[in-house]
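Chemist: First residue of the sequence shown? That's 19 in this note's numbering, and the numbers climb one at a time after it.
To be clear, the hints were calculated from the coordinates, so they are not data collected in a lab.
Careful, some of the hints might be misleading.
[Unchecked claim] Pair by pair, the computed Cβ-Cβ distance ranges are:
| hint | residue 1 | residue 2 | range |
| --- | --- | --- | --- |
| 1 | Arg250 | Ser181 | 36 to 44 Å |
| 2 | Asp232 | Leu142 | 14 to 22 Å |
| 3 | Gln159 | Glu114 | 14 to 22 Å |
| 4 | Ser166 | Arg27 | 36 to 44 Å |
| 5 | Arg250 | Ala92 | 16 to 24 Å |
| 6 | Lys162 | His67 | 17 to 25 Å |
| 7 | Glu87 | Asp232 | 38 to 46 Å |
| 8 | Val111 | Ala90 | 25 to 33 Å |
| 9 | Ala92 | Glu171 | 35 to 43 Å |
| 10 | Arg250 | Glu228 | 21 to 29 Å |
| 11 | Lys162 | Ser52 | 34 to 42 Å |
In this text, all values refer to a predicted model and were calculated from it rather than measured experimentally.
In this text, a Cβ means the ideal position worked out from N, Cα and C, and glycines have one as well.
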Amino acid sequence: MYSKADSNRQIRLGLLVPAGNTTFEPDFNSAFSSQVTIHSHRVIAQRSHAFESYESMDDINEEAVKEVEKLARAGVHFGAYGFTIATFYRGRVFAEQLEQRLTQVLGVPVVVPALALLEALAYLEIKKISVVTPYPEWNNQTLKTFLSEAPFEIVGFKGDERSKEVAKKNYLWHQLPNEAATFIKEVSHKDADAIVLPCTAWRTFEVIEELEADLKIPIVTANQATIWSLARRASIKSALRPRGKLFAI
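From just these sequences and the hints, can you work out the full model?
Modeler: This is the structure we're talking about:
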């Protein structure tokens with residue numbers, strides 16, 4: 019980890035990105051000043067899967083562990099794995115073990131979104147959360163299990179209630195930012211201390227400030243939390259452009 023004395027040093031961040039995700043990299047690029055450069059490598063499961071499942075997540079995680087080493091060739095100082103589901107689906111201990119495996123192979127610290135979300139919520143001293151997701155049933159059930167291991171009260175949880183077959187035709191994580199914001203405002207629980215928005219492919223990072231102004235509580239997204247966690251580790255929070263309460267404290 020860099021010290022505060024290194025705060026002006028050029029930092030290279032390495033992103034391991036699911037092949038179909040076109041949101042993770044733009045969010046990172048928009049979050050930092052020119053002090054930080056973003057370098058990415060795409061990963062895809064070797065086998066075809068009709069739907070996301072334990073088997074499909076196991077498959078892509080094995081590929082992630084194999085492929086993350088390629089980011090070392092860019093001389094990155096820190097890394098991030100841009101797949102929220104693949105880091106929460108088997109619980110917190112598994113997420114920690116996966117983060118450790120990726121870190122060991124890459125040779126520098128790697129952050130995974132599921133743990134970054136927990137870290138950010140703890141930092142904000144959040145007690146009650148309202149979770150809004152673009153996920154169908156299986157993803158939501160595994161996320162509920164993951165969050166139940168954490169010391170937060172889930173006062174609201176809303177996802178995609180369509181069948182997985184129908185959802186697959188047009189997943190909610192393909193929503194435009196304004197569509198996502200409308201959905202979140204409609205279904206979030208007003209008694210929460212914060213709104214949690216998982217999914218690194220969902221374009222919610224772009225509407226954090228709009229949502230916070232409307233809902234009057236912190237918004238914590240998967241990409242925002244991952245970016246913030248990396249900035250903490252690298253001691254480069256000063257390089258963050260304003261984007262919600264989490265970046266401001």
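Chemist: Against which earlier hints does the structure fall short, listed by number upward?
Modeler: The structure conflicts with no hint, since it agrees with every one listed earlier.
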